[in-house]
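Protein chains in written order, with the working numbering: chain A, 1 to 216; chain U, 217 to 346.
It is worth saying that the hints were derived from the structure and are not from the lab. Any given hint could be a false lead.
The list that follows gives simulated cross-link-like pairs (lysine to any residue, SDA-like), each with its CA atoms no further than 25 Å apart [unchecked claim]:
#1 K293(U) with N188(A)
#2 K293(U) with E37(A)
#3 K297(U) with K186(A)
#4 K293(U) with S88(A)
#5 K145(A) with K186(A)
#6 K293(U) with K186(A)
#7 K122(A) with T304(U)
#8 K297(U) with S88(A)
#9 K293(U) with L76(A)
#10 K145(A) with K320(U)
#11 K320(U) with F246(U)
#12 K145(A) with Q271(U)
#13 K186(A) with G90(A)
#14 K293(U) with A143(A)
#15 K320(U) with G90(A)
A few chain U residues that don't get close to chain A, going by computed Cβ distances all over 10 Å [what the hints assert, rightly or not]:
#16 E260
#17 V264
#18 T274
#19 R307
Bear in mind that the values here come from a model prediction, so they are computed numbers and not experimental data. Quick reminder that beta carbons are idealized off the backbone N, C-alpha and C, glycines included.
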Amino acid sequence: MTSQHEVLSQPPRTAVWLLLLFTPAEQTESMLGDLLEEFSSLVMTSGAGFARRWYWRQTLNTIQHASVGALRAAPLLMLVAVVGGLWSIGFATTLSQHATRTFLDAHGIYQSHPDAYLFWSKFPLRLGRLIICALVGCVVAIAAKRREMQVVTALSVAQLAMFFVAAVAVIARGGEWFHWFVVMFKWNTLCSIATAVGGLIVKVCRSRARKGPSPA
Amino acid sequence: MYSNFTVITGGGDLFYIVEVMFGRDYLGEFEHLVLLALIRLSDEAYGVTVRQEIQTRTGREVSIGAVYATLERLQNKGYVKSFLGEPTAERGGRAKRFFRVTAKGIAAVNRTQQALGRMTEGLELVRSYS
């Protein structure tokens, strides 16, 4: 059984996991080694608490640098990934909605089972959108190569930003917007998370393929 | 390794003129600091020592991410090369990545030092702004 002291004298696991996700794969090994070397010496000289706070500071600064660096190094890639990702999600969602409604209308579901029609024309489509978002997240991460999580995070943030722009337009129009906002906020947040999960899956698979330390 | 290295701080030699004619860029402030740290550390230059060298000498907190991001940029410009050392137990079995400045990197440091020298030449900064 691991004692609390042993746990505290190890770097924070979440911080290590975040570093594995947000740093380029070829730098991860040596960077984690460097941080562990300094962390171990700080545990001896300044205590575990100080060392863990220092590790977290290093992690957050490193993620910030990796993200800003990715944007500076490949702004066009970021732009294409975000615009292309948003367009793909919109296109695939519209297509799936159209296909589902065409199928339901062709089989006369509305006339025979109105409740079933309402169910199938709403919930599965939203669920389908989540799957589309995850798939687009995967594709964007595959295309982004060394900057999977930065690009996918940018796409997720852009999705949420688009929702808030739409929300402002709806609220400005007046009427009953609160219920709409709550429902749509929930689904759009889930879609953003699904996109990030898609990128995460690709990053984890790539890390494992390199036979290096895995973020999972 | 770099014991014979001297930083040229003034004058416009042929090397400098040729570099300027070809439109070579100057180093950014942090790039400059990282290259100087690599030159100082010579064979012992890797993430930890570079970070500590800059932090100790400049007194500013430096993150390992900033050091690696800058080293990657310098490597892409051909100013720095790197190689992996042996994995060690104290680093959780992870290898050190050592960095060396190339001749092109030293030329870039010289060029930047010359530019700074020209800009500060004749200025009495302490008297003017204290």
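Consistency of the hints with the structure:
1. The straight-line distance between the Cα atoms of K293(U) and N188(A) is roughly 41 Å, outside the 25 Å bound, and the hint therefore fails.
2. A C-alpha spacing of about 29 Å is found between K293(U) and E37(A), which places the hinted pair above 25 Å, so the restraint is violated.
3. As the CA atoms of K297(U) and K186(A) are separated by approximately 49 Å, the hinted pair breaks the 25 Å bound.
4. The suggested pairing of K293(U) with S88(A) is violated, with an alpha-carbon distance near 35 Å, which exceeds 25 Å.
5. With a C-alpha separation of about 30 Å, the suggested pairing of K145(A) with K186(A) is violated against the 25 Å cut-off.
6. Straight-line distance between C-alpha atoms of K293(U) and K186(A) comes to about 46 Å, which puts the hinted pair past the 25 Å bound.
7. Under the criterion of a C-alpha separation no larger than 25 Å, the hint pairing K122(A) with T304(U) is inconsistent with the structure, at around 57 Å.
8. Note on K297(U) and S88(A): the hinted pairing is violated, with a Cα-Cα distance of about 40 Å set against a maximum of 25 Å.
9. Between K293(U) and L76(A), the direct Cα distance comes to roughly 20 Å. Compliance with the 25 Å bound is thereby established for this hinted pair.
10. At most 25 Å may separate the alpha-carbon atoms for a hinted pair to count; K145(A) and K320(U) exceed this at roughly 29 Å.
11. Proximity of K320(U) to F246(U) is assessed by CA-CA distance (about 17 Å); at most 25 Å being required, the pair is judged to hold.
12. About 32 Å separates the Cα atoms of K145(A) and Q271(U), which puts this hinted pair outside 25 Å; it is violated.
13. Proposed proximity of K186(A) and G90(A) is supported: the alpha carbons are some 18 Å apart, at most 25 Å.
14. Taking the CA atoms of K293(U) and A143(A), the gap is near 24 Å; set against the 25 Å cutoff, the hint holds.
15. For the proposed pair K320(U) and G90(A), the alpha carbon gap of about 48 Å is over 25 Å, so the pair is violated.
16. With a minimum CB-CB distance of about 13 Å to chain A, E260(U) clears the 10 Å threshold, and the non-interface call stands.
17. Its beta-carbon lying about 5 Å from the closest one in chain A, V264(U) breaks the requirement of being farther than 10 Å from that chain.
18. No beta-carbon of chain A is positioned within 10 Å of the beta-carbon of T274(U); the least distance is around 16 Å.
19. Distance to chain A contradicts R307(U) as a non-interface residue, since its nearest Cβ pair spans about 4 Å, not more than 10 Å.
Hints 1, 2, 3, 4, 5, 6, 7, 8, 10, 12, 15, 17, 19 from the earlier list are contradicted by this structure; the remaining hints agree with it.
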